[in-house]
Every structure is written in structure tokens, then in C-alpha cells.
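*Asks:* So the sequences go chain by chain: A and B. Everything in the first sequence is counted per my numbering, starting at 1 for the first residue and increasing by one. Everything in the second sequence is counted per my numbering, starting at 1001 for the first residue and increasing by one.
Wrong hints could be hidden among the right ones.
Simulated crosslink set (EDC-like; lysine to aspartate or glutamate; CA at most 20 Å straight-line) [as the list claims (entries may be wrong)]:
hint : chain 1 : residue 1 : chain 2 : residue 2
1    : B       : 1058      : B       : 1092
2    : A       : 286       : B       : 1025
3    : B       : 1059      : B       : 1023
4    : B       : 1058      : B       : 1119
5    : A       : 286       : B       : 1023
6    : A       : 286       : B       : 1141
7    : A       : 286       : B       : 1065
8    : B       : 1059      : B       : 1092
9    : B       : 1058      : B       : 1025
10   : B       : 1032      : B       : 1065
Note that these hints are calculated values from the structure, not bench results. Computed from a prediction, not measured in an experiment: that's the story for all the values here.
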Amino acid sequence: MTMPSSTLDHIVSGRRLRTRRYRMVLGLLAAVVAAFFVLALMVGQSVTPAGDVLRVLMGENVPGASFAVGQLRLPRALMCILAGLSFGLGGVAFQIMLRNPLASPDIIGITSGASAAAVFCIVVLSLSGPIVSIVAVIAGMGVALAVYGLSFRNGVAGTRLILVGIGVSAMLESFVAYILSQAPSWSLQETMRWLTGSVNGAQMAQALPLLLALVVFGGLLLSRWRDLEALRMGDDMAAALGVRVAVTRVLVIVGAVGLIASATAITGPIAFVAFLSGPIAARMVKSGGSLLVLAALVGAILVLVGDYVGQFVLPSRYPVGVVTGALGAPYLIYLIVRVNRAGGSL
Amino acid sequence: MTIQSFLINGLSVGYAEADILHDLDLQVPSGKITVIVGANASGKSTLLRTMSRLIAPKKGEVLLDGKSVHRTPPRELARTLGLLPQSPIAPEGITVADLVSRGRHPHHSLFSRWTRGDDEAVDAALNATRTTELADRPIEELSGGQRQRVWIAMVLAQQTDVLLLDEPTTFLDVSHQVELLDLLVDLNQARGTTIVMVLHDLNMAARYGDYLVAIANGRVHAAGTPEAVLTQDTVRQVFGLESSIISDPTSGRPMMLPIGRHRMQSKD
């Protein structure tokens, strides 16, 4: 028989250990993001010394480095990080809320909705700039609502929503393919952007709106992290713990769709980043804090690495979405097999 | 001592056309164990879910300590009223202590820090359910009986005066059922926690309940002590079953033995 005080000490030390582990993983992921960011700035077609990179970042004009680093690599690396954070955070929020890794925005049609709207604006209406992002966000919300409404029958069952979403997603993707086939003058690169996502030709001017979206929508999601953690135990249990389930749902949908659609409007639907980040983060750490931040960082790493591999490691150049897609597809098959067998959660 | 108690007035609950509960009145004694029984689809689970504000009523009200359950801010209510739903989900890979600590949710806001009091509540909940030894184990490794005790510990960590449980013994074998119900009696006696639960097994209900509520067709058919409620007439009217009632040799509480159509000894 142990004394009550010693069991309390055990509880406290167990909790501290969980928190410590969580922070360690968090720090590690942040360090990996930073490391790949630096790598992406220094190493491209040619290697730029760290000193030169730093001087370019400080605003100095360095012959031979200012253009490559300041105009090409920096916007591209920043875009990778911002898009990755957005996809990772938006994806995991959906997965937690619906307690199913397949309920990711890129599986259930939200990404393709935003993508279809962006393509329509750019190719058919010849629009550009922030208006495209705004339309994409609205379209993403619309698709989210439509999928939610179509799968509603005495409440929304996770599997029904996913199946409806996959159907809607397929329709929207064929719409994108149709529009692109009508625009033969378009370069292959642009086409690839809307089919699998790409950060080619990223510009600083595009990073700012995405950063803004990340602060607003991402902040909204992060402010709900406790409620999302409670939702992992089921809607009833969450409600019993004092969570306003319906309100939380709406806020999370707005936040996640806002993030996903904003990123999609600029980089296109970078394949499977939203889908992969949450499950990877969930395997790294079981508890001790919110999965949201971890999944966002994993998303940033996936896009940074995917883009780097697509540019410089593979024999010919591929957009980032091709690389992340190649990573994600086998996992999707694995998940479908496993969920069919056991009924999985995140 | 707790003073919390439910008072339910003219409660109607239902989806679209079909009402599940009709104009139901009920008073639940405080500091006691109340067991709700009834046939499948009689509305007993709906009643419990409405009492715990998971379902909003069409008409009528549920008062807890004089305050409407449905109009109290959820977080505030969750500090008074705990609920263990039928099938809660354990996040993958989570340990017992971590799961139990999630019962502290209603005591925290976005920026609040974990306090000594939170740790003490978790520790006390683990002790009360004798799950301290399991604290570092992942939930997946536990048996059904242990798992259910851990969930109860989680609800206890919420530190509420009232505890609602929706069929807490459903997936347990008989020895774990008894263990769990004994645990609930311990809690009731040690802390004066008001307990309201739905049970399928009439004999367990009569054995462990201080107060029985028999629901039929969305109404309270009978409510009172086990002796008053568990009668041949009630069993016939509520379950449509002929039975004989005997006295449990151990507890002296009534016990229901179904009669059925077969295996009868011929009488001379």
C-alpha cells in the first residue's frame, strides 16, 4: 500500500514528463523547420555561403546572391513554410473534430473546392490578386457546407461525410481538369499548380496575405485547442465536460477552411499535406499539449522538404505536390485498409 | 453533504413528430443512488441525456438545485454535473493518468495553468477507483473492467456533486459489474455524490439503487424504493413480462425472476 502523498508525487512527475516530452518534440520540429529553411536559402542550383545569405537578408546588395536568394529562394521558402503550416493546421483540426484521419480537407473536397474556384477566377474570369483568394475561401466554405449538408441525416456520421466528400472532391477535380484543358496556352507548370500544388514563382507579395490568414484563422483554431482535445473523446463526453460542441464545430470549420482555402488559392492543392501532417504528429507525441501546433510544423517540413526534393534531388524538376502526393498515396491506402478493419481514430 | 437534486417538470423530448418523453415529471433525491430502468426504446436513455443537457427539451425543464440545466453556462454546469456517456472514446495511445486529467477540462480556460489542486483531483480520482497502479499504462492495454473504472475516474476528476452514468455496466461480465457498482456505492457513501444511472439489469438496479424509476412509453410509470417499484405488476406493465419476485437472500432487496413459457415445473 503506497502513501497518498507518494502517489500524488507520481502523478505530478508523470505529468511533467509528458509536458517535457511534448516540448522536446515541439522544439525539435521547430528546429527542423529552421534547418530546412536555412538549407533552402543556401543551397539551390549553386551554393551561397551563409554569410552572403545573411547579408542579403539584412538588405545588402550582394552581387551574385541578391537575386537568387532574395528574389527566388526566400519567397519560395517562406511560401513553403506558410502553406505547410496552413495545410497542416487546417487538416489536423478537421481530423480531430471528426475523429477520423480520412476527414482531411484534401480528401473531403474542401481543397478541390478552393482550387476549382481559383482556377475558374484565373482562367475564365482572368482575375488575379487577393480577390482570387477571397473567392477561394468562400468556395471552400461553400463546399464544406454542401458536404456537411449532403451528409446530414439525424446528425452527421463521420463515414457518410467522408464518402460524400470524396464524391464532391472527384467532381470538382474533373471540373478543374476540364477548365485547364480549355486553356491550352497555359504552361505545364501552371497546370501542375492546380492539379497537385506548386510553389514555383512564389513572390513576397503573395506571402503577406497568407501570413495574415494564418494569424487570423490559425489563431482562431489555436484558441479552441482545449475544446478540440475534449472532442477527441467523443461529442457526448466533450459536451459533458462543458464544451459547446455545435459552436466549436462552426468555429473550427471556419478556421480550418479559411486556412486551407487561403493556402490553396496561392499554391494550389499541395497534395496530401493536410492529410499527412496530423497523423505524423500524433505518432510523435501522445499527449502533453495540443496536436495543432505540432501538425502545423510537420506540414511546414513536408512542404519544405517536398519542394526541395522536387527541385534538386530528383533527376528532373517536379512541383512539390508531386513529391508529397507520392508520399501520401501509400498512406491513404494503408489507412483505408486499417480503418476498414478496425474503425480508426487519429 | 450535498444538496443537489433534480426536479423535472413537464418534460417533453423528441425528434420531429415523434415524442420520446411525454410531459414527464420526476424528482430525484439528493445524495442517493437512483437507477432508471425500462424496456428498450422506453426513453430511459433519452431522459438521462436530457438531464445531462446533451438533448434540449421541446417543453418543460430540468432543474438542478433549482437552476435550469439547459440555461446554465455549459462550463459552469460541468463543474456540478458529471456524465459518463455510453461509449466515450479514448484518444489513441493515451495513458490512464493523462485521460483522467482531462476530466479537469471544465476547471480550465485557454490560458489557465495546471495547479496543485488539479493534480490532487486526479490523484484522488485514481485512488477512489483503485486505478493508481494503472496510471502510466496506455488505455488500450487495459481490460474492459479496468477501462470502465478509468472512465469513472475521469468523471470523478471533474469533481462534481452529481454523477450521471448511461449504462455503465453494459460490456462488463458479472464480476466486473458488481465491482463497478460497489465502487459507485463507495463514492456515494464517502462523498455523498448523487448518482443517477441507467441500468439494463433489473436485479442489479434493485440491489444497488436506493431509488428506482421505471420508465414506460416516455413516462414515469413508477418511482420509489426498490420494494415499491419492483413488483409483478410493474414488471408486467413496463416490460410485458410475467415474473415472480423474491427477496434477495444477501441484501433483502427484491429480485425478479422471469417466468417465460418453457421449463416450468409441473405442479401437483
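*Asks:* Could you run down the list of hints and mark each one as holding or not?
*Replies:* Hints, verified against the model:
The straight-line distance between the Cα atoms of residue 1058/B and residue 1092/B is roughly 37 Å, outside the 20 Å bound, and the hint therefore fails. Between the alpha carbons of residue 286/A and residue 1025/B the distance comes to roughly 45 Å, so the proposed pair goes past 20 Å and is violated. Taken as a hint, the residue 1059/B and residue 1023/B pair is honoured in the structure, with Cα atoms around 8 Å apart against an allowance of 20 Å. Note on residue 1058/B and residue 1119/B: the hinted pairing is violated, with a Cα-Cα distance of about 40 Å set against a maximum of 20 Å.
Using a Cα cut-off of 20 Å, the hinted pair residue 286/A and residue 1023/B is violated, with the two alpha carbons roughly 46 Å apart. For a cut-off of 20 Å, the pair hint linking residue 286/A to residue 1141/B stands: about 15 Å separates their Cα positions. Of the supplied pair hints, the one linking residue 286/A and residue 1065/B is violated, its CA atoms being roughly 39 Å apart against a limit of 20 Å. A threshold of 20 Å between alpha carbons decides the hint, and for residue 1059/B with residue 1092/B the separation of about 40 Å lies outside it, so the pair is violated.
For the suggested pair residue 1058/B and residue 1025/B, the alpha carbons sit about 14 Å apart, so the restraint of at most 20 Å is met. Proposed proximity of residue 1032/B and residue 1065/B is supported: the alpha carbons are some 15 Å apart, at most 20 Å.
Figure legend: structure checked against the earlier numbered hints; hints not met, in rising order: 1, 2, 4, 5, 7, 8.
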